Structures are given as C-alpha cells and as structure tokens.
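Engineer: Sequence lines, in order, name chains A and B.
For the first sequence, position 207 matches number 207 in UniProt numbering, and the numbering has no gaps at all.
For the second sequence, position 124 matches number 124 in UniProt numbering, and the numbering has no gaps at all.
The set of hints was computed from the structure by calculation and includes no laboratory data.
Values in this document were obtained by computation on a predicted structure and should not be read as measured data.
One or more of the hints may lead you astray.
To be verified - Heads up, simulated SDA-like pairs for lysine to any residue below, C-alpha to C-alpha not over 20 Å straight-line:
hint, chain 1, residue 1, chain 2, residue 2
1, B, 73, A, 93
2, A, 748, A, 773
3, B, 40, A, 85
4, A, 80, B, 73
5, B, 121, A, 723
6, A, 28, B, 146
Claimed, not checked - Away from chain A, derived, C-beta distances all over 12 Å, residues of chain B:
hint, residue
7, 46
8, 130
9, 144
10, 170
11, 181
12, 209
The C-beta atom is built at its ideal place from N, Cα and C for all residues, glycine as well.
Listed below are the residues making up each chain.
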Amino acid sequence: MAWLVVRLAISVSLLYTASAVFEDQVGKFDWRQQFIGKVRFALFDTHSQASKKLLVATDKNVFASLNSRTGDLFWRHVDKTGPEGHIDVLLMYGQDAVVVVGNGRLLRSWETTVGGLKWETVLDTGSFQAATLVGVQDYVKHVAVLKKSAISLHDLSSGSQIWVENLPDSDTVQYQTIYSGGNGLVFVLGVVPNSHIVIVEYKIEDGEIMNKKSVEAAWMSSLENSCTVISSGILLCADQITQSLYTLPLQSAEQKEMRQIHLQTLDLEVASGFQPVLTSTRPNPAQPPLSEFFLQLSPDHHILLQLKDGLIAPLRDFNPSYLAAFATSGERTVAAVMSPKNDTACSINLFSADTGRRHLDTTIIYHMDPNGGKPNRLYVHAFLKKDDSVGYRVMVQTEDHTLTFLQQPGRVVWMREEALADVVTMEMVDLPFTGTQAELEGEFGKKADGLLPMVLKRLSSQFILLQAWLAHLWKLFYDARKPRSSVKNEVTIDILSRDEFNLQKMMVMVTASGKLFGIDSKSGTILWKQYLENIQPNSVFKLIVQRTTAHFPHPPQCTLLIKDKDTGLGSLYVFNPIFGKKSQISVPALPRPVLQTLLLPVIDQDYAKVLLLIDDQYKVTAFPSTKNVLQQLQDTASSIFFYLVDSSQGKLSGFRLRKDLSTELIWEVVIPAEVQKIVAVKGKRANEHVHSQGRVMGDRSVLYKYLNPNLLAVITESTDTHQERSFVGIFLIDGVTGRIVHEAVQRKARGPVHFVHSENWLVYVYWNSKFRRNEFSVLELFEGAELYNSTVFSSLDRPHPPQVLQQSYIFPAPISTLEATLTEKGITSRHLLVGLPSGNILSLPKMFLDPRRPEVVSEQSREENLIPYAPEMPIREEWFINYNQTVSRVRGIYTAPSGLESTCLVVAYGLDIYQTRVFPSKQFDVLKDDYDYVLISSVLFGLFFATMISKRLAEVKLLNRAWR
Amino acid sequence: MKRLLDVYVALQALFALSWCFSDAEPGPVAGSPSNGDRFKIEGRAIVPGVKTQDWISTARILVEGEEYVGFLKTDGSFAVNDVPSGSYVVEIVSPSFRFDPVRVDITSKGKMRSRLVNYIKTSEVIRQPYPLQIRSSGPHTYFMKRETWGWTDFLMNPMVMMMVLPLLIIVLLPKVVNTNDPEMRKEMEQSMNMLNPNPELPDVSEFMTKLFSKGSSKSSGGNKGSRSVAPKRR
Chain A
1 MAWLVVRLAI
11 SVSLLYTASA
21 VFEDQVGKFD
31 WRQQFIGKVR
41 FALFDTHSQA
51 SKKLLVATDK
61 NVFASLNSRT
71 GDLFWRHVDK
81 TGPEGHIDVL
91 LMYGQDAVVV
101 VGNGRLLRSW
111 ETTVGGLKWE
121 TVLDTGSFQA
131 ATLVGVQDYV
141 KHVAVLKKSA
151 ISLHDLSSGS
161 QIWVENLPDS
171 DTVQYQTIYS
181 GGNGLVFVLG
191 VVPNSHIVIV
201 EYKIEDGEIM
211 NKKSVEAAWM
221 SSLENSCTVI
231 SSGILLCADQ
241 ITQSLYTLPL
251 QSAEQKEMRQ
261 IHLQTLDLEV
271 ASGFQPVLTS
281 TRPNPAQPPL
291 SEFFLQLSPD
301 HHILLQLKDG
311 LIAPLRDFNP
321 SYLAAFATSG
331 ERTVAAVMSP
341 KNDTACSINL
351 FSADTGRRHL
361 DTTIIYHMDP
371 NGGKPNRLYV
381 HAFLKKDDSV
391 GYRVMVQTED
401 HTLTFLQQPG
411 RVVWMREEAL
421 ADVVTMEMVD
431 LPFTGTQAEL
441 EGEFGKKADG
451 LLPMVLKRLS
461 SQFILLQAWL
471 AHLWKLFYDA
481 RKPRSSVKNE
491 VTIDILSRDE
501 FNLQKMMVMV
511 TASGKLFGID
521 SKSGTILWKQ
531 YLENIQPNSV
541 FKLIVQRTTA
551 HFPHPPQCTL
561 LIKDKDTGLG
571 SLYVFNPIFG
581 KKSQISVPAL
591 PRPVLQTLLL
601 PVIDQDYAKV
611 LLLIDDQYKV
621 TAFPSTKNVL
631 QQLQDTASSI
641 FFYLVDSSQG
651 KLSGFRLRKD
661 LSTELIWEVV
671 IPAEVQKIVA
681 VKGKRANEHV
691 HSQGRVMGDR
701 SVLYKYLNPN
711 LLAVITESTD
721 THQERSFVGI
731 FLIDGVTGRI
741 VHEAVQRKAR
751 GPVHFVHSEN
761 WLVYVYWNSK
771 FRRNEFSVLE
781 LFEGAELYNS
791 TVFSSLDRPH
801 PPQVLQQSYI
811 FPAPISTLEA
821 TLTEKGITSR
831 HLLVGLPSGN
841 ILSLPKMFLD
851 PRRPEVVSEQ
861 SREENLIPYA
871 PEMPIREEWF
881 INYNQTVSRV
891 RGIYTAPSGL
901 ESTCLVVAYG
911 LDIYQTRVFP
921 SKQFDVLKDD
931 YDYVLISSVL
941 FGLFFATMIS
951 KRLAEVKLLN
961 RAWR
Chain B
1 MKRLLDVYVA
11 LQALFALSWC
21 FSDAEPGPVA
31 GSPSNGDRFK
41 IEGRAIVPGV
51 KTQDWISTAR
61 ILVEGEEYVG
71 FLKTDGSFAV
81 NDVPSGSYVV
91 EIVSPSFRFD
101 PVRVDITSKG
111 KMRSRLVNYI
121 KTSEVIRQPY
131 PLQIRSSGPH
141 TYFMKRETWG
151 WTDFLMNPMV
161 MMMVLPLLII
171 VLLPKVVNTN
181 DPEMRKEMEQ
191 SMNMLNPNPE
201 LPDVSEFMTK
211 LFSKGSSKSS
221 GGNKGSRSVA
231 PKRR
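One chain only, chain A, in its complex shape:
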C-alpha cells in the first residue's frame, strides 16, 4: 500500500499544471441555465397573499419551486429518470406538497419553503389510480391513495399509514377515482366498462365499508376526464354518443340510476369525435367542490354551467375559446378564459365563477409566438387587490413546452423555454463577419489588379479600421460616463459578429419536442427559435452544417434530418443557423427510409458540402443535387465508401458508390447477435486535426501514430447478463476495407459503455461487475518506428498491422457521459471531459490515460514525462470545470475549437445547459487574465529610474574624485 501512496503522490505533484478554474473567473466566460422539463402539474401557493411560490412537477421527474415573479428556481429536486421517478400526482395543502412517485411506489411530502423532504413512505405494490386530500371539518389531516386493487389512508403530518383496505371485486371493476367531501367518508368510484358504476363508501377512522352500490351505466367506458364530482358530492358525467350529461348523488341510497340530461335541452351539442371534458373546481380540499363547472364541447368551445337544485343551467357560453381554468383567492372563485383575438394574439378575460359575469378591465393580451406552438394549458394565479377586487396573473403553456407568465395588460413577466431541458443534438456555427471585417477579408481573396489600386485599397481598408477603432473608443468613453445600471448588454442578431479570436459562436440546439434554438454562446441569450410542428415524439434528429459562414455572399446553411424511429421515413429541414430562417432551397423528397447519411468534403458551386442519404434499397440521394455536384460525384465515386450497421442481426457492411449513384457491397462483418449485440459504432470527428505524427521517445526515436481516418470503433455487449459471464467487446474496423484492425474483450464487464474515439486512441469506460467499479481502458495504436507511407494514408495499402497498447485504470466514480476536448490545430494537449451523475464535469488530462505509463520509473520514461502507473485514477475538485454550477443529468458534452489554439469551447447539456471554455494546456497563446501589468510596468519604470539615478550619482562621484 505504501508504494501506492507514494506513486499517487508523485503523479499528483507532477500534474499540478492541469487546467483549473480560478475564483475570479466565475461567470466571466461561462453560464448555466437550469430547466425543469414539460410541466405536468403546476400549483400556485395561495396559502398567503405574499407568497411567490409556484410548485411544478414535470415529465422529466423534476419537482421544483419557481419564483412566480421572476421565473427563477427557488429549489429543484431531480428524481430518477424513467417510470420509477415519474410523478403521478401533486397535491398541495398549506406549506406541504404531497407527491406520489413511480406509479404509486412512494408517497412523499415536501416542506415547500425550505425544499426539504418532510416524510417519505413506501406504498404497497399496485398500479396507481388516483389520490386525494381528505379533510374532516374544514381541516385536512389525511391523504388517500387509490391503487388498482387497494385503498390506503395516510396521515398528512407523518406519512404513517392509518389503514389499507382491499377493494371488493377489483379483478372486474376498474377503480379510477376517489372523492371525499369532508364529511368523514371516502368514496371510491369504479367502472365496469359498458355495464355499471361501482361506488364504495369507506369510513375515515378505520376503513370500514359503510356502503357499496352499483349503478347502471351502459354507455360508460371510463370515468377519467369525462366525469367529475361537483357540488355536495354529485357525480357528473358527459357522454358524446348519447349527447347527454348524467348526474348521480354519491350518498343517496335510493337512486338506482343516473339522471340523464340531454344536451339538446340546453341548446348544446358536442362536436363529433370529441370526447367532452368536464372541469370542476375545489377551492378548499376540506370542503366539497363548487357547483359550477366547465364543459368543453369541442377544441375551441367551452361553456360555464351551474348545477342548482338538481338542474343544470348554462351561465355563459364561450365560443370560441381555447382554454379555460378556475382560480380562487380567499372566498372568491373566478374563471379565466382564453379566446382568440386575431391571428397572432389571444385575449384572456376573467369571469366570476358563480354568476358568469365578466370582471371589468381584466383583459390580458397574449401574443402568440409565430415561431412557437399553440397554447395548450392555462394556469391562473388569482389574488385580492387592495380595493377587494380580484386581480390575476396567468401562466400559459404551449405545445413547445414554453411557459409564459403574463400580467395585465399583457406584459410578459417571464418566460421559460422548457424545450431546452431535452436537447438532442447541437452544433456550433461561427458568427458572420461584420461589413468591415468582410471588406478586409475580401482584399485578400480578390485577384490583383495592379499595384496602385492595391495600395489604395490597402489604405482605404486601414482607414476603415481606424474609423471602427475610433468609434469603439468613443462608445467606451460614452458608456463609462453613464451609470452602470443603465448600460444594457442586450444581444441581438444584428449586432452579432465574430470576435477577434472566434470565441463567440452560435449554438444551434435541436430539442426532442422539435423546437430549434439559436443561442449566443457568450451570454446564453436565445437569439432565435423555431418550432417545427408535426414532429413525431419518437423522432431522431441529425444536424449537419453544410455551409459555414466562411463563404461570405452565401448565407450559412444547416440541414436537419428528422427521422421517424418506427417507420424510418425522414425529411429534411434546411435553415440559416444565424437567423433561424427556413431556407428556400428545394429539398429532395425521401420516399424510402433513410439508413445512413454522409457529409462529403465535395462542395458545389455555392460552396455547400454535399450530403448523401442512403435509403433501405441502398440507393443514394445527393443534396444538393445540381449538375455540378453529380459530375463531381461521378468523378470521385470510386473513392466514396460508407458503412451500415444492422444491430438486430449483428451485421456491419461496407458499400462503395457507383457512378450512377447506386452502390455495391464490398465487405461484411457479422458479429453473432445471439452472443453479443452491437451497442455503438463511432468513427472519428471530421473536424479533428492531429498536429504531431508521432511521439518522441526517451531515446530520441519516434513512435509513429497509426492515424487511420477510416477507423470505426464498434462496441458490443454480451447478451448474457450474468455477472460472471457478461463481457464487453471492442472491435476496431477499417471502414473502407472491412478489415478488423484490433479486437479486445473485457471479461466480467457490462455496460453502459461510454467511449471516445480520436487521433490514434480509443478510451472506453465500462462497469467491472466482479469488483463493482467503473474502469477506464485506453487503446493506442502505433505504426512503429517507421511510417509505411508518410505522405498519404490509404486503407487499401497498409500491409503492417498497427501495434496496439492497452492499459486500464479504476475510476472511482460513476460516469454519465464522456467527450474529449478539441482545438483548432491539435497542438494543445487533450483532456477528457467526464460528466458525472453529481452534475460535475471533470476535465481529466489524457496524460493519465496513456498505455505507456510505466510500472517502474526509468530515466527514459521520466524524459518522456510519463506518469508512473497507478491503478486508481485521481479525481481532484480543481478539475471540475463547472465548479458549483452542476449540470443535472448531463447527457452530452459538445466540444468545438475556437480561433485560439489554447481554447476549446465546451457545452454540456442534459436537464441544464452549461457553456464554458477550457484551456487544456493553459492559455499559452494569449496573456493570462491574471497577468500582472502593474508589476511588470512598475519594475520597468523602477529600473529606468534606478539607472537614471545611479547614472547621476556616478557622475557626481566621478566629479568629486577628479577634484580630489
């Protein structure tokens, strides 16, 4: 053990130079945005007037408290992903929020001011149906949870289970709803589809069944949505086929049938094919609901009705209306209704619930975003004003998961783009040059037209530069005079231009909901957004940059391939990544499922790179497909290869393009699918540069790297998941010839495997199931002491297999994702960016993952700067590039080179988005920001004066001496 400690100490001391964040750099070039996901439940804290809390539960299994004045997070709790963390229901009473999690697995109560858990209890198994707060005599003490076959009652203050009862005949009856009117009874409502309704009455104290009855309802298939309980325990249902409303008092013993009220008698009609929706409101969970309710007859028709003395009377008809919601403040309940105003705006008005009368001066105008989705949920926060009238604010949720919080008369208080909680893929695009920059660039591009014009041009461009500089100085001076607060750093598309070192870029983000965003990488401001409608929820996206901003008169161009996962049918969406505008270019139709895409370095006459799409009949579609492109493709067809992966059959196949844009099969590798399945295939990044061809060894010889740009890394996992027999396989396959360059098997290991394939190395992480820990393994490929062909690499002509070195290390933490830094020319040393489940991003020097790390330190290894081998990888907190700005559920890390060789731009996305810059070899090409100008200038001046003074003194002394 002692030698281990010593070695670790050595290695740590050696690597003190690795990059880290200084405290004064906080927020200087990094930012984080936190998201919660698509809101499923939102409740305003109406407990006190001054409360700013808005509790939300989302489809990302996040439970959070928002500040309703600013939209910021007070706190946020991120549960496990998947169905086990799914929030089934959110109830709120006073300071407590009760949440049912994981299909009725857990019942939790949260203290909402602090954001801490009050209690958590495990519920009996069984799928969750409904939950409600149960009150007795105006005070809520219990919460009842209905499962498929059981009902349980829990104490609200401690969570302890008071009683649990099995439901009668639960194999035939579908119990769906639970209701308690505050009179010591709990009603459980079940339905036998197209037969009858079952109502079971439980006593709160001990769970004794007080009464059980069944009521004929042959028309009914489900209680959810179409039924609600109103007034003092009256079940109300709506049916589209019979065009009727049905009522039934839950407690009465004599009524054996539901009372039918034809909608015709109310002059109403449900739109055909629309399932009518009933919405009731319950201001106080300890009291029965109000007798007023909304009936939605069609997607844009709501009606406010009232039940009085057994009769239903319409209070107000809202036609057309998109959304309607109730809200209560104090004793007064209001209804807010959103109606269309014109093509681009909606108006929201407030009506009193008990009369249907409109409140004056309560209109809120909601402007619909032309690039966004339609509104689909309305949450109303009502409050009493000083003059005792009701004021309100609304939160509108749209199809693209945007939350907009509005107050009168339509001012947007805040906005949250929750689509960004689920970023699928992204790219960073260089910003365009400004006019002056373009002018300067143009000077070098154009052909020389004589000496004098050249000189004149040079002078004029210098003059332009001087002008720009003076303007900049003037602006600086002007801004400095103004007080700090009034200087607003508003970023708009128009003023965006490339900075000196190309550090500011446009982040194009594609989200799972089909909304595209353009975000300024420096500030995190959303510059444009575009919602693509009619995107299937299980689509896969691939974003391709076809033309960068480098070709000035031509606008940059991005192409998004949207592919339906089930059918495989794809479509292309072409847009300008700087402005987000859809491009007018005609897009090829893709009638057949797309299997593979390939971006060629071939460019058309408009400088757009050619994209090849391969369909399931191995036919190739080129985009753009102009004559010029087709001609070029014909010329180069014999050197265009691509590969396809069929993971269900474990087949990898390579194809070559023919001149007529058909393909021919050249190789096929079959990895038996019954033993192992292919989980991932990755090539190298196309924009990666490798600066040095080899590594200089301790004895001054060179070990050349095996730099095969066509190399594919294929990762497989065994189908047998037993911990003794499971394994992870790694294949390195040449994508042109199909030759297996290297093969490695990691026994007693299982996934998930994260890996990075770059330069001449592959780093992968797996779970060692024997020792229950994560392990890193690194493979490096070398050609040896001599290069076979140093000028050009050809997969077809490589007679010697590469030398493969491998080493493994223990990584003392779980891993969420893995990526490597990338720089402009590849001179800077590489770091691995490891996303951890704790939300930190670790910047791990690649130096630690070097298979040549020696076990015994020798003179040569020291010369090479190799760290002695240590089995455990160190994790140091200084290497967390995002300090306390943790990124929840980090799913991907995107790295992009900047104009500075030392600097790599990093974006980590998951639930949150974090953008920063890393300097793997420190900032060697610019002055550091802690560069001590004062010291250097004071030393210079000091020396200058010292020489002056000493010169003078020497002169005086000499003179004195001469006189002596």
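With chain A's structure known, arrange chain B on it following the hints.
Structural biologist: Only chain B this time, still in chain A's reference frame:
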C-alpha cells in the same frame, strides 16, 4: 490491464476472510425485477456549523450512480427506499459541501452494514456506523489559488537569497573584522593558504575577477573609455 489483475489477485489472497461476506450476495443487476425483498438505506448527513435548510434543497443521495435516488429530510436525515439486496456505493452529492462515499452491503435477509469505499481492495472491510452518519469534510475547493505577488515571496525566493546574502557578507564582513590588525591579517592569510593548498594552481576567484575586470573594462571602454581610466589612477 494485466497489472490491475495482478494487484487484485494479491489483494484477494490477503483479504480472503472478509471476501466471503460481500461475494455471497449477487451484485446489483441492471433493471432487475422486484422479485426479492426491497430494503431501505437510512442515515443522516451532517454539515458542522451550517443550518440544514441552507444546503439540503440542493443535495441528493445517489446510490450506485443514479440507480436509486433519495432526498434529504429537513433535519438532515435520509432514507433511500426500495433497494434490493446487494452492495452499493452511497454518496451524498451537494454542489457546496463534500461528503465521502460509503459502501453499504445488504444481505438477502436485509442485514445491513456499511464500510469505507475502497476500489482497489474491494473486499476490505473497515466498518462504518449504520445507520449511516456522514459528516461533511467541509466545502468543496473548486478553485485554484491565484499566485499573488508579495514582498515576502520575492525576498524568500532562493535566487534572491543567493544574491542578497553574499552581498551582505561583502558589505558587512570587512566592518566586523578589523583588517588593519596585523595579527588578524596573518591569521587570515594562513587560513587562505589552508584553503588553497596548492599555491601554483591559479585561484578560481582570482581568475574570475581577472576575467570580469577584463570584460568590464572592455565593455565600458567601448563607449565611455575616458571615464574608465579614472578608477585606475588611484
């Protein structure tokens, strides 16, 4: 890889006794159905000197990555429910405070124990209290210290010390030792001779002074030739 295995084998032999405990239970299998019993991992997290409400809303308990997730109660205690038997690393993650992870073993009968995490000697058992008592070892140190410039750093620099000390000796020594005393001079000469046993060999210091004086006279002679004569006159 082979290196790693060697280490494992050696360590396994050492800890064969304790090994039988944790290996008896199957390790956590991903996505295993809930056929067996489910247990609860309980404990308490303590940050000395900080109120719980200031940090619990940002903290979580992660069991084996994000396999199981728990939250902290308002008093700092926690319980992760619904965990099948196995061996897990339990970690409290907080952006502001550092907690050391603990390994918790649960037998199929629900017996629990906790021990220090050791990824190298995975079977070593150094018992920790159960229910867990996890005490924070302080705030995270995310930031590197900037190198600040101070007079003390400057003076304590070995290069500066090397320059300053000889200077002091040169200036101070002639004042302390009376060179005009003939006895003293004799003594010094003697000691000099002892230091330089071979009088024929050219003295290094002499050689150096010659060299430098030559150099300086040359360089100064280039531009201020007239003045360089002045000291020689004396």
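Engineer: It remains to establish, for every hint, whether it holds in the given structure.
Structural biologist: So, going through the hints one by one against the coordinates:
no.	hint	in the structure
1	B:73 - A:93	holds (18 Å)
2	A:748 - A:773	holds (11 Å)
3	B:40 - A:85	holds (17 Å)
4	A:80 - B:73	holds (17 Å)
5	B:121 - A:723	holds (19 Å)
6	A:28 - B:146	holds (16 Å)
7	46	holds (15 Å)
8	130	holds (18 Å)
9	144	violated (4 Å)
10	170	holds (18 Å)
11	181	holds (28 Å)
12	209	holds (21 Å)
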